[in-house]
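Undergrad: These are the residues of each chain, in order.
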Amino acid sequence: MNRRNKSLYSWAYLFMLPQLLMLAVFTIYPIVMSYVYSFYDWSGIGPLQQFIGWDNFYSVMTDRYFWNAYRNNLIYIGFTVLITLPAALLAALLLNLAYFKGKVVYRTLLFLPVVTTTAIVGVVLKSMFGTDNAIVNLVLQQFNLIKEPIGWLSGPYTSMLVLIGAGIWKVFGMIMIYWLAGLQSLPKEIYEAARIDGAGWWAALRYITIPLLLPVSAVILLLTVMNGIHVFDLVTTLTGGGPFFATDMVDLYIYRYAFGTGGFPQQGYASAAGIIFGMSIFVISLVLGAIVQLAMRRQRSIAIGKE
Amino acid sequence: MKPNTQSIKLLLLSSLAMLLLAACSSNQSTTNSHAANNTQGATSSPTAEVKQVELEVWGRWEEMLGQMEETIAEFQQQHPHIKVKYTNVPGSQYVAQIQAAISGNTLPDIIGYHQSIPTSLLVNLDVLHPLDDVLTAEQKAEYYEGTWSEGYTLIDGQTYAIPVFNPKRPAMMLYYNKEALHAAGLTEDDIPATWDELYSFSKQVQQNTDGKLYGLVIGVKELSFLSGAISQMATAITPDVSPTDLFNYRTGQYEYHAQGIVQGLELFKKLQDEKLLHPSSLVMSFREGTALMEEGQAVLTIDGSFYASQLNADKLDSFGVAPLPTKDGKPQYAAFQGESRVAFYVSKHTEHYEETKLFLQFIKEHLYPKLVADGVEYSPLPAVNEATTINHPVAAEALRIQDEVSLLIPRPFERNADSLKVVLETSGKLPKTTLGNIAEGYLTGQIKDVEAALLELSQQANQVLEEGIAKVNAAGGSITLDDYAFADWVPYQPYQ
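For the record, the sequence lines run as chains A and B.
Following the UniProt record's numbering from start to finish, the first sequence increments by one per residue and tops out at 307.
Following the UniProt record's numbering from start to finish, the second sequence increments by one per residue and tops out at 496.
A few of these clues could be false.
As the list claims (entries may be wrong) - Below, in silico cross-link-like pairs of lysine-lysine (DSSO-like), each with a Cα-Cα straight-line distance of 27 Å or less:
hint : chain 1 : residue 1 : chain 2 : residue 2
1    : A       : Lys126    : B       : Lys51
2    : A       : Lys147    : B       : Lys270
3    : A       : Lys147    : B       : Lys471
4    : A       : Lys126    : B       : Lys270
5    : A       : Lys126    : B       : Lys212
6    : B       : Lys429    : B       : Lys471
As the list claims (entries may be wrong) - Quick partial rundown of chain A residues pointing at chain B, CB under 8 Å, derived from the structure:
hint : residue
7    : Thr62
8    : Arg107
9    : Gly151
10   : Pro156
11   : Tyr157
12   : Gly165
13   : Gly242
Hints were generated in silico from the structure; no laboratory data involved.
Since the structure is predicted, the reported quantities are computational estimates derived from the model, not experimental observations.
The beta-carbon is built from N, C-alpha and C at its ideal position, and this holds for glycine as well.
Working from the sequences, and respecting the hints, build out all of it.
TA: Quick look at the structure:
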């Protein structure tokens with residue numbers, strides 16, 4: 001390496017240093033420390049003294065409220081993924097049509113919830129889905145769809161339904177934009193060739209768009225799943241995890257232990273819960289990634305077979 | 001492109017210089033203010049430059065915010081060199097904030113007490129400043145008996161906390177809207193004193209107003225309010241079980257499943273199932289619930305004694321307060337153990353101890369009477385409470401009821417000081433599922449067998465207690481479950 005290159009590299013490393021330091025202090029250190037805390041009976045206040053081995057992990061694994069929160073998280077993720085992905089793809093396909101008018105207006109409207117503060121969304125929806133004199137019940141009663149007001153947020157199933165609906169509404173615009181970006185990156189020549197060969201819209205979608213979108217879909221799927229994990233603000237403001245833990249989520253569960261007001265906090269225990277949840281989500285992500293890879297390989301092999 | 005090394009060096013040097021300058025700055029400044037000549041204590045000669053000092057205070061008692069601000073304004077007027085920055089931290093965030101401040105060594109000069117972080121823990125962590133010289137022995141003797149209890153205000157004989165409120169708080173009670181009451185064709189004589197009366201009262205309100213008004217509203221989302229009301233009402237049925245912690249002080253066992261609790265839950269379930277409880281109760285916070293009562297959508301609500309002073313001051317004539325109804329009208333009690341649950345500590349790392357002393361002494365003289373006069377709470381000084389007229393009719397009655405129903409219950413820490421170590425061992429490990437959670441689950445129909453659910457909680461809590469005792473003994477302590485059983489206690493009689 002000549003002197004000039006050495007100098008360039010030195011400057012490059014110097015400018016990278018703040019970023020690396022930030023990464024080490026704010027990302028790597030907390031992750032490492034949460035693993036350390038999980039082996040201690042520690043309230044988060046004072047020195048780490050009581051090493052308890054795997055006790056926190058055992059307690060989390062045997063706590064039915066952890067698994068209840070975990071199940072709720074999976075239900076929430078499952079529904080948001082299953083509903084949002086195809087619906088947002090459909091919206092993106094429509095908004096990607098060349099002859100569709102007012103695309104910008106629709107895209108903006110659909111994207112608005114994404115930029116709205118989640119906590120505010122939760123508070124507003126809580127008021128809309130209230131039991132007495134709340135707009136949703138009033139409208140339903142006005143159209144004679146219900147006789148008596150429904151306690152949307154006081155029933156275990158209805159509160160989960162509202163939560164999932166709110167989550168979908170909030171994330172829909174973002175997923176649609178991902179799909180749109182994917183769609184707009186597809187090579188136009190293939191469509192032109194297909195059109196010359198006589199392929200219609202449906203055939204182009206089935207045999208060109210969807211197969212070509214598969215790699216992007218893996219990323220979108222992963223992002224939607226990750227989005228579904230972090231619902232703390234929405235759940236806290238909309239349902240508070242209730243009624244009776246019906247919409248409790250793992251991040252809320254962890255918060256209760258990490259900053260609980262009913263006695264000392266249990267940072268060690270909360271860290272163990274976070275690690276178990278994080279690891280399991282990592283495994284789920286790997287499985288999802290593997291499924292998508294398999295699907296892509298299958299597509300490729302079919303394509304090669306056809307050739 | 002070749003980097004302009006001269007410019008980059010210059011940029012880096014400028015940044016470094018700015019950092020150094022910033023590091024040299026301080027939040028303290030000096031002044032030659034003549035007004036400072038009037039200050040006492042920490043201020044010295046009149047000609048000397050007086051340091052401007054800022055005291056940071058964290059509290060979490062919303063009800064005394066107005067009185068505290070007024071007191072601070074008076075204090076700053078008398079001590080112009082001291083600025084007091086009072087922050088009212090929401091209760092739900094208080095522990096997290098203290099936790100972060102201890103970890104970051106950024107505790108404010110004065111910190112409010114929180115039951116999740118007891119005095120003994122803070123002293124063990126060496127973050128509190130002893131306050132033995134804030135009050136003289138004579139001044140301390142003016143406080144309620146039991147105020148200077150080991151483990152709460154005192155640790156190893158040293159004072160660490162200065163109380164702000166009297167120890168008898170809070171008691172839960174029934175508030176009512178007189179306009180709504182009259183709209184339902186009822187009078188104050190109809191305010192229920194028994195559970196049967198509460199049931200028929202709620203029915204009457206609905207019938208007489210064609211379902212427009214409800215008899216009772218109670219926002220259950222701030223869960224401790226419903227559980228606090230149920231456990232206080234339960235003392236009329238199972239008086240051995242303290243409403244504060246659901247601990248049976250005669251047997252020395254947790255008893256969440258006491259009959260009083262079960263029957264109290266059944267009462268609310270009946271009201272909920274028959275749509276007599278305001279339908280929004282299950283989705284609202286306690287304050288939203290009380291707002292509905294104030295608006296006149298429901299006649300009754302349940303809240304703590306501290307709520308009275310927060311009622312709409314322009315419409316005080318419209319509100320009244322009464323004791324909670326009990327199953328058959330028998331007496332009830334709210335338990336206290338001598339310690340004040342509202343007190344201030346001083347951080348060991350404060351740079352302005354003399355000023356904090358001044359402020360705490362000022363509070364005693366100026367805040368206490370304001371709290372009583374405005375009906376926020378009785379002060380920790382009986383003499384102030386007797387000498388001050390409460391200028392708030394509803395609060396006066398609320399505080400009278402609180403005084404009447406408050407009962408001094410047995411104190412394990414007086415029998416065996418190792419019980420304080422057990423508190424440290426068990427705190428935070430008691431079941432995270434609370435009576436409030438169980439109540440919510442039962443009211444929404446998610447819990448069918450409420451007695452079994454409560455029994456499970458009792459078993460879990462007792463197991464935590466036993467493990468805590470074992471840990472303390474393993475570390476050289478000497479305590480048994482017998483130290484928690486006070487067979488000689490006669491409920492409804494203060495345990496001396």
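Undergrad: Each of the hints needs a verdict: does it hold here or not?
TA: Verification of the supplied hints:
1. Lys126/A <-> Lys51/B: violated (50 Å)
2. Lys147/A <-> Lys270/B: holds (22 Å)
3. Lys147/A <-> Lys471/B: violated (58 Å)
4. Lys126/A <-> Lys270/B: Holds. Lys126/A to Lys270/B sits at ~26 Å (cutoff 27 Å).
5. Lys126/A <-> Lys212/B: holds (22 Å)
6. Lys429/B <-> Lys471/B: Holds. Lys429/B to Lys471/B sits at ~13 Å (cutoff 27 Å).
7. Thr62: Violated, about 12 Å.
8. Arg107: violated (34 Å)
9. Gly151: holds (6 Å)
10. Pro156: holds (6 Å)
11. Tyr157: Not OK, violated: Tyr157/A not within 8 Å of chain B, min 10 Å.
12. Gly165: It is violated, given that the least Cβ distance between Gly165/A and chain B is near 16 Å, above 8 Å.
13. Gly242: Because about 6 Å separates Gly242/A from the closest Cβ in chain B, which is inside the 8 Å limit, the hint holds.
Consistency with the previously given hints fails for numbers 1, 3, 7, 8, 11, 12, ordered from lowest to highest.
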